[in-house]
Structures are given as structure tokens and as C-alpha cells.
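Undergrad: Just so you know, the protein sequences line up as chains A and G, in that order.
Going by the numbering used here, the first sequence opens with residue 194, and the numbers climb by one from there.
Going by the numbering used here, the second sequence opens with residue 64, and the numbers climb by one from there.
Just so you know, nobody snuck in bad clues.
Mimicking BS3-like on lysine-lysine, the simulated pairs with C-alpha atoms at most 25 Å apart in a straight line are:
hint, chain 1, residue 1, chain 2, residue 2
1, A, K597, G, K108
2, A, K599, G, K108
3, A, K312, A, K334
4, G, K203, G, K108
5, A, K334, A, K308
6, A, K512, A, K593
One side of the interface only, derived from the structure: several residues of chain G facing chain A at Cβ under 10 Å:
hint, residue
7, W96
8, E97
9, R99
10, Q101
11, Q130
12, A150
13, F151
14, V153
15, G188
Among the chain A residues that face chain G by a calculated CB cut under 7 Å, a handful are:
hint, residue
16, H540
17, A542
18, D543
19, T546
20, Q550
21, T557
22, G558
Hints in this document: simulated from the structure, not taken from any laboratory.
C-beta: ideal position from N, C-alpha, C; glycine also.
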Amino acid sequence: MPVRNIFDIDTVRRDFPILHQEVNGQPLVYLDSGATTQKPQCVIDAIVDYYSSYNANVHRAAHSLSEKATARFERAREKLAHFINSTSPREVLWTRGTTEAINLVASSWGSENLKSGDKILVSALEHHSNIVPWQLVAQQKGAEVVPIDVTENGDIDLDALDTLLGEQVKMVAVSHVSNALGTVNPVQEIVQRAHYYGAKVLIDGAQAVSHFPVDVQSLDCDFYAFSGHKLFGPTGIGVLWGRENLLEAMPPYQSGGEMIETVRFSGTTFNELPYKFEAGTPDIAGAIGLAAAIDYLNRFDRQEVAAHETQVLHYAIAKGEELSGIKRVGTAKQVAGVYSFLLEGAHPADLGTLLDQQGIAIRTGHHCAQPLMERYGISGTARASFAMYNSVEDVDRLFKALAKAKQFLL
Amino acid sequence: MVISTPHPYTQNPFGTTISADDICNTLSFFDSWEDRYQYIIDLGKELPPIDDSYKDEEHIVRGCQSQVWIDSVYSEGTLWFQADSDAFIVKGLLGVVLAAYNGKAPGDILSFDIEEYFNNLGLMGHLSQTRGNGLRAMVKKIISVAQLTD
Ligand SMILES: Cc1ncc(COP(=O)(O)O)c(C=O)c1O
Chain A
194 MPVRNIFDID TVRRDFPILH QEVNGQPLVY LDSGATTQKP QCVIDAIVDY
244 YSSYNANVHR AAHSLSEKAT ARFERAREKL AHFINSTSPR EVLWTRGTTE
294 AINLVASSWG SENLKSGDKI LVSALEHHSN IVPWQLVAQQ KGAEVVPIDV
344 TENGDIDLDA LDTLLGEQVK MVAVSHVSNA LGTVNPVQEI VQRAHYYGAK
394 VLIDGAQAVS HFPVDVQSLD CDFYAFSGHK LFGPTGIGVL WGRENLLEAM
444 PPYQSGGEMI ETVRFSGTTF NELPYKFEAG TPDIAGAIGL AAAIDYLNRF
494 DRQEVAAHET QVLHYAIAKG EELSGIKRVG TAKQVAGVYS FLLEGAHPAD
544 LGTLLDQQGI AIRTGHHCAQ PLMERYGISG TARASFAMYN SVEDVDRLFK
594 ALAKAKQFLL
Chain G
64 MVISTPHPYT QNPFGTTISA DDICNTLSFF DSWEDRYQYI IDLGKELPPI
114 DDSYKDEEHI VRGCQSQVWI DSVYSEGTLW FQADSDAFIV KGLLGVVLAA
164 YNGKAPGDIL SFDIEEYFNN LGLMGHLSQT RGNGLRAMVK KIISVAQLTD
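Starting from the given sequences, assemble the full structure and let the hints guide the process.
TA: Right under this line is the structure:
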């Protein structure tokens with residue numbers, strides 16, 4: 194029987210060694226988990242353990258170390274499958290991250306399923322990683338990437354989606370949670386509407402998976418992409434989940450070792466799923482580290498974690514309303530993990546510098562979402578992004594530091 | 064150094080009335096980050112704003128964080144620069160850079176060790192390799208202009 198840990202913020206913080214240091218002479222407040230999350234000790238230990246006790250290549254050798262590495266590597270895949278409620282680990286492909294996962298679909302699925310005149314819809318909220326791969330394949334195929342507008346408060350405009358949907362739309366690619374504004378998009382609703390027209394749906398879950406449970410079956414989407422490093426796991430590993438029948442029909446993305454069944458100069462046959470899409474030696478340590486991160490998350494009741502995060506985020510939103518001059522960017526119906534804001538009269542880059550001097554790590558700029566910034570007529574925002582290890586005290590430090598920065602800049 | 068017609072570039076205090084040494088000396092007085100950054104912000108206020116007509120594609124140095132515009136003229140063996148940014152601290156840092164480069168001969172620009180200068184000022188973080196660092200991109204531009212005219 195799995196034992197659940199009661200969520201306790203002080204205990205959780207102790208699990209993340211990096212949080213306990215000074216930056217510029219001040220205790221670190223890390224509010225840039227949207228860019229990458231910190232890692233709990235158990236993830237670091239799992240990677241060290243792999244390299245110090247059973248490092249070997251997977252699926253290749255006949256020796257015991259390789260068997261152990263292969264077993265752990267494939268168990269990691271099963272864990273990830275379970276994590277997103279996939280029906281089978283065959284639908285879970287390892288990638289380098291969200292970006293590579295989307296590129297894989299755009300390139301492989303796109304090459305077989307797109308033709309001149311087709312449309313790919315992406316929301317105006319998207320990260321460049323969920324825009325540019327589609328632009329590239331669209332260019333090759335004579336298809337078109339069409340943005341779905343967002344409303345002033347940062348929600349995807351579902352009426353605009355309805356207007357755009359039609360026979361020619363073959364793919365709708367949207368984020369589950371916006372990295373720039375924190376908007377939680379009604380992806381289930383979007384899937385329903387897109388499927389009605391026969392379009393496939395890819396969901397960029399990079400900013401979602403660390404904040405709340407994701408169930409690809411109930412979402413009913415066709416592809417779901419996310420990055421390990423935004424989910425308390427290591428960099429260099431990510432997941433593309435895809436429906437088995439779609440993946441089966443797609444051509445390989447890259448080619449080489451392990452994704453092959455037989456190679457003859459007369460012709461090559463490819464390995465079965467998921468290996469067909471995993472050319473070359475994979476990031477074994479990454480997969481094992483990510484599985485450890487999933488184990489860590491599963492120690493908790495995820496609803497409890499989400500409730501804590503919501504409390505911290507809403508506390509930040511309320512504090513922002515109290516400090517004059519602070520303007521929140523994006524006031525979507527439902528938000529997760531992100532507080533994007535401006536200080537009127539000050540440049541976000543200056544805020545970032547002055548907060549850094551006070552030990553507060555935030556991100557400033559366009560957040561790789563230039564079309565969205567253009568939509569709002571701004572060059573960027575300051576973004577505090579939160580994870581399970583952030584506390585209301587972190588928010589207090591943020592606003593104390595903001596009040597000080599304000600004295601400098603206004 | 065005399066320029067025959069009065070030129071807006073020579074009105075820039077950085078590199079003329081405010082030298083790199085002046086900035087080093089002043090910054091070394093301050094102990095707290097507050098004083099240092101107040102000084103940098105104040106330096107930014109002394110940087111003459113670039114004419115809006117220069118805020119175009121040709122003059123922009125794009126960074127992820129902030130934007131920088133720069134223009135240069137070469138006259139009688141001397142390079143003159145004008146630079147501006149949409150961020151206050153970046154503006155101050157542009158002043159710090161121009162104190163070293165503005166109104167100098169290309170050869171002097173090329174032999175100046177900007178890394179050491181920023182290191183001594185305790186501002187190395189701002190010249191970091193972070194992708195899209197506008198300040199670093201601007202330094203590169205200045206150096207390439209100096210190489211062209213040297
Ligand atoms: C919404 C979203 N999509 C895609 C990405 C790209 O993720 P990665 O760089 O891990 O491939 C990010 C990361 O910033 C993101 O926030």
C-alpha cells in the first residue's frame with residue numbers, strides 16, 4: 194500500500210537542497226520554476242545511483258548491468274505512462290523535452306497528413322516551441338498556421354476557435370497552461386470542438402504537469418508533450434505521448450541504432466513502438482531521474498499540492514492589488530503557477546535586476562511568446578512562477594523587494 | 064579632438080567629461096548594492112536620448128530582456144557613439160560602456176579590455192553570456208565598427 198505524505202511546506206522545502214543558499218547576500222527566493230523547476234534530493238540521488246552502480250547501455254547488451262539499466266529505464270516509461278493515465282507505455286516516447294516532442298509530431302505526423310491548403314490552428318498564447326515547428330512544416334507542405342485569438346484577459350477565445358474550425362483544419366495545437374500568463378486553457382472543450390471537424394489535437398503540457406494531475410484519456414487529445422526539467426526532473430528528457438494508432442502510422446523522425454528491426458541495403462524495417470521513434474542511445478539517466486521525480490510527486494496527495502500552490506498564487510495576486518503601480522498581465526478565469534506583471538513606468542528588465550540584487554529570481558522579457566506580447570502591445574512582462582516548494586513567505590519577500598525596486602525606478 | 068561642425072555625438076558626456084576611470088573611482092566608494100544601482104540609474108539619466116528616427120531595424124540590438132539602439136559616426140580618426148535603451152539600468156550600463164569607448168580611436172577601442180573593466184566594477188553579471196544579452200551584443204557591435212575603421 195503506498196503511503197501518502199501529508200503536504201507540509203517546510204518539509205517539502207527541505208527536500209530541495211538548492212533552495213537553501215544565499216544569492217547576492219540574501220536568502221534565495223526562487224520564482225522561476227516556469228523556466229525550470231528545482232530538483233528534490235531523491236532525483237539527484239537517483240541519477241548519482243545510476244551512474245555509480247548500474248550505468249550501461251539499454252536494450253543492447255547481454256550482461257547484468259545492462260539488464261538492470263534496461264529494466265529501470267522501461268519501468269520509468271511505465272511510471273510516466275501511469276502518471277498521465279496512458280493506456281500503454283508503448284504510447285510514451287522519450288524526447289529531449291517539449292520542443293523536441295512537438296518537432297517530432299510536426300515533422301513526422303505533418304509530413305504524412307498535411308497538404309497544400311490545410312490549416313494548423315495554434316493559440317496566440319503559445320510558446321515559440323508550439324508555433325515555429327508548425328510554421329516549418331506548413332511551409333514545406335503549402336499549409337497555413339492560423340492563430341486563435343485570445344481575449345483581453347488572456348483566455349483563448351472559443352468563439353474565434355469556432356469561426357476558424359472547418360474541413361481544412363488538420364491540427365489544433367494549444368498549451369494546457371500558458372507559460373507567459375498562467376492561463377489554464379479548457380483543453381477538453383477544445384479537443385471536443387476540434388474532433389468534431391476531424392482535426393487532431395496536440396497539447397503542450399510543459400507548464401501543466403507539475404501543477405495538477407493530467408489524464409490523457411479523459412482529455413481525449415491526440416498528442417501530449419512535456420519536459421522533465423519543468424517537472425522536478427533533469428534536463429534533457431521529456432515525453433511525447435501519442436495515440437497508438439497515430440504513432441503506428443507515422444514515419445520515423447530520426448533514424449539509426451535501436452529504432453531499427455532489420456537493416457539491409459535493399460531496405461530497412463523499423464522497430465515497434467515506442468522504439469521506432471527513439472533513435473540512438475537515449476537519455477537513460479534522465480528517464481530514471483524523471484521517474485524519481487514522479488515517485489516524489491506521488492508521495493503526496495496531488496490535490497493537496499495543488500491547493501497549496503493555488504493559495505500561494507492567489508496570495509501573490511492579492512498582494513499585487515495592494516501595491517500601487519503593479520498591473521497584473523492576464524486575468525484569465527483559471528490560472529496556475531504564473532504571476533505575470535508590470536510596474537507602470539518601469540521596464541521589466543530593471544525590475545529583474547533589482548530583484549536579483551535582493552535574492553529574488555524571476556524572469557523578465559517576452560517569455561518566448563512574442564505574438565502574445567504583441568497582442569497586448571507590450572515588449573514583455575516580469576514573471577514570478579511558482580512550484581510546490583514556494584511559500585507565502587516567498588511572496589512576501591517578492592513584494593518587499595518590489596516595493597524597494599519601485600523607489601529606485603519611479 | 065576637434066570636429067568642424069558641432070555634432071550631437073560630441074555632446075555625450077560619456078567618454079568626454081565622464082571617463083571610465085571616473086566610473087571606477089566612484090563605484091569603488093559604494094558598499095551597498097543600493098548605492099551602486101542608484102548611481103547606475105543616475106548615470107542613465109545623463110545619457111542623451113537617441114533621436115526617435117534611429118529607433119529602427121538598422122540600429123536595434125535586440126535582447127530577450129531589453130532593447131538597445133546604437134549609432135556611430137567616424138570622424139578624423141575618432142569613433143563617436145550614441146546609444147539608448149528602453150530600460151533605466153541598461154541605459155546606465157550603456158553609459159558605463161560608452162565612457163570607455165566613445166570619442167576614442169578604433170585602435171584604443173580594440174585594445175580596451177571590457178571584461179576586466181566590468182569585472183573591476185563588479186558588474187560582470189550584466190555582460191554575461193546569457194542568450195540575448197543586449198549589452199554584450201552592443202559591445203560586439205562597437206568592436207566590429209572599430210575593426211572596420213581601424
Ligand atoms: C508552454 C511551453 N512550451 C514549451 C516549452 C519548451 O520547453 P523545453 O525548452 O523544455 O523544450 C516551454 C518552456 O519554456 C513552455 O513553457
